[in-house]
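J.: Sequence:
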Amino acid sequence: MRKLLAVGLVSFVTSAVALSGVSQPRRPPRGPRRPPAAAVVAEPPVSPRIAQELGTLRWGINHEQVIEYFRQMIRASYAPRMRNLGQVEQYRMVEQRDVEIRAVERTYVAFDGVPAHRRWDTSFIGEEYTHNNNESMLVYEDRRGNREFFFFINDRLWKRVQARNTAGARINLDDFATQLETIFGAGRRVMDGPRLRTVEWRDDTTRLHVVDATTFYNAFCLIYEESATLAQLPTLRRNVAAAPTRTAVAASAAVPETGNTTGDSNADIVDRITGKIRRVQGADAGAAASATLRPPTGAGPAAPVDAGRPPPEDDPLGGLGF
1 MRKLLAVGLV SFVTSAVALS GVSQPRRPPR GPRRPPAAAV VAEPPVSPRI
51 AQELGTLRWG INHEQVIEYF RQMIRASYAP RMRNLGQVEQ YRMVEQRDVE
101 IRAVERTYVA FDGVPAHRRW DTSFIGEEYT HNNNESMLVY EDRRGNREFF
151 FFINDRLWKR VQARNTAGAR INLDDFATQL ETIFGAGRRV MDGPRLRTVE
201 WRDDTTRLHV VDATTFYNAF CLIYEESATL AQLPTLRRNV AAAPTRTAVA
251 ASAAVPETGN TTGDSNADIV DRITGKIRRV QGADAGAAAS ATLRPPTGAG
301 PAAPVDAGRP PPEDDPLGGL GF
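The sequence shown: position 81 = 81 (this note's numbering), numbered continuously.
Check the hints yourself; a few may be wrong.
Said to hold, decoys possible - Label-pair distances were calculated between CB atoms; the ranges are:
no., residue 1, residue 2, range
1, Q87, E181, 45 to 55 Å
2, P45, V88, 54 to 64 Å
3, T182, A76, 27 to 37 Å
The hints are simulated quantities; they were obtained by calculation from the structure and are not laboratory data. Ideal placement from N, C-alpha and C gives every residue a C-beta, glycine not left out.
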């Protein structure tokens, strides 16, 4: 009798388990997990003003063409002043003109790792180039002390840096960005937490962004870069060294050569920030090195002088148009 009960119990349990398996729908096999969608990074707004600021010095020209551009510009600036002068005065003006031209030629420096060519490495432009990758630079400084830096890879112009000195002015990056947006239009603001890190614009060939170098060098930098070269930098720069150490500039060494005389440190801020400024004193560490260097000869034809650009004494760097 007990055997019959045991057999019956086993049969009942087996049937119940079987019915339970039939009644529960099978879950479909899990496929591979889909990766999370990548965040879409918005492109910077397009600004037609970028091309206007770059003028006729187009991407891809060589350093000799840039030098020839300034030769023509300097000669054109002297021509009106030499009219109606006597022979002796004209001779003196020609000498002065040629001194200015030679000063531009001597700023050309090849970043080939030679110690004498490394003096710009700890300046505010030290992160804009590398050594031993066939890169080089040319600097133009006008009579008012305004400077612009031209960078080349394989002797092709691909970057321009305009430094805007803020020494003595109470202005931060937010204020400066607001000024720029009245010129270039609304830009893409890149934040670092609650702090503004940079503002960006673009056009068909160029990227423009702002660098805040006020902590060490009392300057904001407008950096124009050719988009095509920017995308190829990992290939073009095969030798990349560690970033140089920056050093602060003493406040007394960063005061503009000339400036406001009203007692208000912000009285001339529009002039100094938007092109009518004096050179960035913190960059002078590199000037001594480049002053003894002469460019090689034999480059291609020169870029024409743009007759539609402002006169060199007014704004030879293009400025910001104020």
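J.: Decide, hint by hint, whether the structure agrees.
T.: Consistency of the hints with the structure:
At about 52 Å, the CB distance of Q87 to E181 agrees with the hint of 45 to 55 Å. Restraint check, P45 to V88: a C-beta distance of roughly 56 Å satisfies the suggested window 54 to 64 Å. About 30 Å separates the C-beta atoms of T182 and A76, a value consistent with the hinted range of 27 to 37 Å.
Every hint, counting from the list given before, is met by this structure.
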